[in-house]
Amino acid sequence: GAVVSQHPSRVICKSGTSVKIECRSLDFQATTMFWYRQFPKKSLMLMATSNEGSKATYEQGVEKDKFLINHASLTLSTLTVTSAHPEDSSFYICSARPTGTYAYNEQFFGPGTRLTVL
Amino acid sequence: GDSVTQMEGPVTLSEEAFLTINCTYTATGYPSLFWYVQYPGEGLQLLLKATKADDKGSNKGFEATYRKETTSFHLEKGSVQVSDSAVYFCAQAGGTSYGKLTFGQGTILTVHP
Chain A
79 GAVVSQHPSR VICKSGTSVK IECRSLDFQA TTMFWYRQFP KKSLMLMATS NEGSKATYEQ
139 GVEKDKFLIN HASLTLSTLT VTSAHPEDSS FYICSARPTG TYAYNEQFFG PGTRLTVL
Chain B
9 GDSVTQMEGP VTLSEEAFLT INCTYTATGY PSLFWYVQYP GEGLQLLLKA TKADDKGSNK
69 GFEATYRKET TSFHLEKGSV QVSDSAVYFC AQAGGTSYGK LTFGQGTILT VHP
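Protein chains in written order, with my numbering: chain A, 79 to 196; chain B, 9 to 121.
Isolated chain A (complex conformation) (with noise of 0.2 Å):
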């Protein structure tokens, strides 16, 4: 149990183009899913916390102009990667805790997203 994907798992894309990743929460809901960034041989660090229903949170430094997250549903959440810049290539990782926990290692992590932009 407790599985979350990640769509897709990688991607290219041309500089100025939108990106959208999704992850997913296949056998349980989630009302809060966390979006990461993982940069080579550094620590993910996380962008902004995914609360259904409402506005994400974003990390101190984060673009949310430049990263859209929607979590319109109780097992989905999206990260759009707007106007992408190579700057933006990446590992992105996301996690998905299960509605009712709220310890802090209740996240469950999906496999996460490489993004290239030319």
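Do not rely on the hints blindly, as some may be mistaken.
Quick list of in silico lysine to any residue cross-link-like pairs, SDA-like style, CA-CA up to 20 Å [what the hints assert, rightly or not]:
id: 1; chain 1: B; residue 1: 64; chain 2: A; residue 2: 184
id: 2; chain 1: A; residue 1: 120; chain 2: B; residue 2: 108
id: 3; chain 1: A; residue 1: 119; chain 2: B; residue 2: 47
id: 4; chain 1: A; residue 1: 120; chain 2: B; residue 2: 47
For the record, the hints were derived by calculation from the structure and aren't laboratory data.
Fit chain B to the supplied structure of chain A, relying on the hints for placement.
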């Protein structure tokens, strides 16, 4: 702010060797500490955790002890297997970042037969 520092990898071992991956943290308050493992092509999975000083987390032969005096949470395993090859992340939660996980940079472990 809160941070986690792991030993840099990659770490390469022969099967049945002893493993240590060092992890230290800085935090205001008393965080919970975690080790996550990421196998190729999969998401991060919680390996073990400790929520207070002197707690020992253990799972699948891996152990880590919460050492407040040295602000450390080193991961150990007495005899590694090829199937342990993965990326290991140390993380903390609590302290000044309530509800959020702060990760180390990850350590790649490769175990050869």
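Flag every earlier hint the structure violates by its number, smallest first.
none
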